[in-house]
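K.L.:
Here are the chains, one letter per residue:
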Amino acid sequence: MLSPRRPERPLRARRTGLLRRVPTSVVVSTLLVFLLVMTVLSVGAGAISIDPQRIVRIIADRMAGSGASGPMDFIIWDLRMPRVVQAVVVGAGLAVAGACVQVLVRNPIADPYVLGLSSGAGVAAVLIITTVGVATVGAFLLPIAAFIGAAATGAVVAMTAASRWGLSAGRLILSGVAVGQLLGGVMSFLLIRSGNSDATQQVIFWLLGSLAGSQWSLIAIIAPVIIATIAATLALAGRLDLLGLGDAHAAASGANPGRTRLVVFALASLLTGAAVAASGTIGFVGLIIPHIARLLVGGMHRRVIPVSALLGAILLVVADLAARTVLAPSELPVGIFTAAIGVPIFIFLMRRNRTTAFS
Amino acid sequence: MTAHVRFENVSVRFGSHDALRNVSAEIHRGHLAAIIGPNGSGKSTLLNLLTGHHAAYSGEITVDGVDIARLRGADRAQKIGVLRQDSGPLPDVTVAELVSLGPRTLDRSAVEQALDRVGLSALADHPLPSLSGGQTQRALLARAIRHRPSLLVLDEPTNHLDVEHRIAILDMVEDMGITVVCALHDIDLANQYADDVLVLAAGRLHTQGSVTHTITREVLREVFHVNGESVITAAGARHIILSRLD
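Taken in order, these protein sequences are the chains called A and B.
Going by the working numbering, the first sequence runs without a break in its numbering and finishes at 359.
Going by the working numbering, the second sequence runs without a break in its numbering and finishes at 246.
What the hints contain is simulated information worked out from the structure, not anything from laboratory work.
C-beta: ideal position from N, C-alpha, C; glycine also.
One should not assume that every hint holds.
Claimed, not checked - Derived, one-sided and incomplete: chain A residues facing chain B with beta-carbon distance under 7 Å:
{"id": "1", "residue": "A158"}
{"id": "2", "residue": "A162"}
{"id": "3", "residue": "R171"}
{"id": "4", "residue": "A237"}
{"id": "5", "residue": "G238"}
{"id": "6", "residue": "R239"}
{"id": "7", "residue": "G246"}
{"id": "8", "residue": "S253"}
{"id": "9", "residue": "R259"}
{"id": "10", "residue": "R294"}
{"id": "11", "residue": "M300"}
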């Protein structure tokens with residue numbers, strides 16, 4: 001009989017990851033509590049700081065249906081809350097989109113933007129900013145145009161990559177990169193031709209990603225899209241696991257990898273489109289959060305997806321808090337802080353976990 | 001003896017290239033059938049038809065008398081287990097999770113039974129990336145037999161393994177007593193384990209039959225362009241020694 005390479009010891013853990021001995025329900029509820037705490041802290045921070053008790057009371061009143069009742073209520077409910085809620089929704093959406101795309105193309109360094117979707121949204125955004133401007137009707141049109149741009153790009157990439165078998169990983173990533181480069185060129189051309197330096201500034205700020213444009217009316221559109229799409233990816237968790245094993249294994253297990261990939265790509269496009277439409281191309285969340293989730297709870301997607309969603313929301317809430325308080329009253333691009341906070345955590349976890357594919 | 005797997009005039013075209021041409025063959029229930037042939041002779045294409053990885057072919061393939069083109073993916077997966085040579089990077093899951101994962105997760109006792117049959121029970125909760133190559137291949141074999149299939153399809157299952165693990169994997173498969181269709185590069189392994197051999201050359205079935213009928217000096221020269229010498233050991237086992245053609 002063959003002897004195992006490592007000395008055997010009884011293991012009670014039934015999954016991999018640093019938190020393998022902690023029940024998933026405990027991991028998820030801890031993250032949920034942490035997210036709520038960070039949300040309240042973030043709403044409280046700003047030029048006027050507000051104590052948590054008051055925040056909770058005002059939010060509870062509003063939830064109960066009572067109307068506005070003074071300036072503090074306005075600051076909390078109409079200025080700061082939409083921003084934090086948008087950070088939660090966008091962070092969760094980008095993280096889950098990243099987890100999906102990494103499986104779609106079987107590449108750990110893929111993120112939601114590698115498939116060209118952000119460039120499509122970018123072209124649409126540049127068109128709106130340079131023609132209509134964001135001062136008036138453009139502020140409302142921009143997210144809609146960006147979403148349509150991302151969705152249309154997703155459709156073009158899927159059509160370019162698809163064969164009669166559906167989507168293959170290699171063709172998907174190549175089509176995404178090619179279409180993305182082409183649209184990036186179109187975006188630069190439009191920007192330079194406009195010769196409008198104000199517009200250029202606005203486009204760059206949009207490209208770096210920001211939650212400054214948050215408003216309840218926008219959240220009312222993107223939040224249902226993102227929540228429903230995350231639920232759909234969770235329902236497909238078993239199929240995602242099979243895709244992660246490779247197409248041959250997926251086919252042998254009775255799945256249709258080409259068709260699964262098409263469905264998951266559509267879901268990832270919806271998530272990315274909605275997130276980018278609301279907040280521009282916030283970087284890093286979709287790249288690193290899925291890895292952090294896998295390091296913590298292992299590679300099964302029924303755990304990777306909810307944990308990624310919560311971690312993405314937390315990272316973006318914390319990064320946005322930093323972006324608007326570090327150099328207050330001026331505001332920094334949130335992308336700086338998603339990387340500044342996320343990278344050290346990722347490196348720490350990667351070095352702690354010696355049992356994964358990273359070792 | 002009944003035919004478990006039957007290929008009837010099977011052809012596959014990739015563009016203008018004939019990957020398989022009019023292959024007709026039968027594999028008996030409980031036999032281990034080895035498919036041998038040079039690179040590009042159509043071994044993997046033939047196996048992919050059984051595993052549903054490619055769909056477009058002409059002719060008919062039946063397993064247990066059922067046309068596999070009419071089987072839904074999930075039903076085919078229950079009937080036919082698959083083990084391949086190279087699975088690429090595997091996810092960070094435990095051995096038990098690897099065996100269980102799929103559209104419908106398998107219950108723990110079925111997973112434990114499958115692991116028991118490949119001797120990996122003790123490693124059930126170990127992370128997949130911590131396993132050696134031989135252990136990983138056994139974990140994938142456990143996955144292949146998790147539904148207790150009547151047919152096991154192996155595509156070069158021992159390619160990256162050392163001699164000890166090659167023999168261990170094939171011994172395990174042989175002991176399962178189910179029908180096995182196995183593509184092999186190693187002609188002597190085919191010689192040792194196969195009940196039937198299908199020799200493919202350039203997409204055609206060159207020869208089929210028992211080991212002594214198919215792995216012959218003439219076939220080895222004609223199909224593989226090598227010299228083949230069969231020797232009988234003191235224990236009475238036949239082995240094939242290959243060398244360059246002069």
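K.L.:
Now, for every hint given, state plainly whether the structure supports it.
P.N.:
Structure-based check of all given hints:
1. A158: violated, 20 Å
2. A162: Interface hint status for A:A162: violated (16 Å vs cutoff 7 Å).
3. R171: violated, 16 Å
4. A237: Since chain B brings no Cβ nearer than about 9 Å to A:A237, farther than 7 Å, the hint is violated.
5. G238: With a closest approach of 5 Å, the A:G238 hint holds.
6. R239: Nearest chain B Cβ about 6 Å off; hint holds.
7. G246: holds, 5 Å
8. S253: Hint on A:S253: holds, closest Cβ of chain B at ~5 Å, below 7 Å.
9. R259: violated, 10 Å
10. R294: Since the shortest Cβ distance to chain B is 6 Å, the answer is holds.
11. M300: Holds, because the Cβ-Cβ distance from A:M300 to chain B comes to roughly 6 Å (cut-off 7 Å).
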